[in-house]
Amino acid sequence: SQTIHQWPATLVQPVGSPLSLECTVEGTSNPNLYWYRQAAGRGLQLLFYSVGIGQISSEVPQNLSASRPQDRQFILSSKKLLLSDSGFYLCAWSPGQGGDTQYFGPGTRLTVL
Amino acid sequence: RKEVEQDPGPFNVPEGATVAFNCTYSNSASQSFFWYRQDCRKEPKLLMSVYSSGNEDGRFTAQLNRASQYISLLIRDSKLSDSATYLCVPNTGNQFYFGTGTSLTVIP
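Residue numbers (the working numbering), protein chains in the order written: chain A, 14 to 126; chain B, 100 to 207.
Treat the hints loosely; a few may be bogus.
The calculated lysine-lysine pairs, modelled on DSSO-like cross-linking and capped at a C-alpha distance of 30 Å, are [said to hold, decoys possible]:
#	chain 1	residue 1	chain 2	residue 2
1	B	K178	A	K92
2	B	K178	B	K144
3	B	K101	B	K144
4	A	K93	B	K141
5	B	K101	B	K141
6	B	K178	B	K141
I should point out that these hints are in silico values taken from the structure, not numbers from a laboratory.
Make a model of the complete structure from these sequences and hints.
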């Protein structure tokens, strides 16, 4: 069966510090991978998605970036965090074909102080 | 216009009640549709997929009206454990569009 891992679960970082969040998927090949952010009391905002190694689509201009160095690894990064980067970061995967469902990792709760 | 619109609620219903949530979507090219539930401070989890005019899974019934671009979720015999936020999600190709969700609280 497929599983998706995210770490860390919780993170507190000062403004201006760098960020690296990692997501890995097991039990599947060639997944589509997604990063979402959910601000407190708000809906999910799609940040990036990837249909293959090195292929990243950015949905929202911001100080975040994403990379996919391996088929089942997706990394979200920032060089300098802003207060507005606080939120619940969710990684998700779906089979590499349109129209199938999406499965979420447990998320990383980021607080920028 | 938003991709997905849902009534945010909150819906507060007694145990055993029937409750219905509505959702409209703007992209007529949407191919498939899903309902997720999200518990407080947790990740969304798939509740139901809706591939044709609708389907039923136990106490949950989802209906799809492509002509009106409208999806609904009906929950019968509500349980305390049904308390959560329900997210409507149309899918177009590789992209999934999440509504802001409808909050449900089932009261003893």
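So, going through the hints one by one against the coordinates:
1. K178(B) / K92(A): violated, 46 Å
2. K178(B) / K144(B): holds, 17 Å
3. K101(B) / K144(B): Answer holds: K101(B) to K144(B) is near 22 Å, not above 30 Å.
4. K93(A) / K141(B): Holds: K93(A) and K141(B) sit about 26 Å apart, inside 30 Å.
5. K101(B) / K141(B): Between K101(B) and K141(B) the Cα gap is close to 24 Å, so the pair holds against 30 Å.
6. K178(B) / K141(B): At roughly 19 Å apart (the allowed maximum being 30 Å), K141(B) and K178(B) satisfy the hint.
Hint 1 from the list above is the single one not met by this structure.
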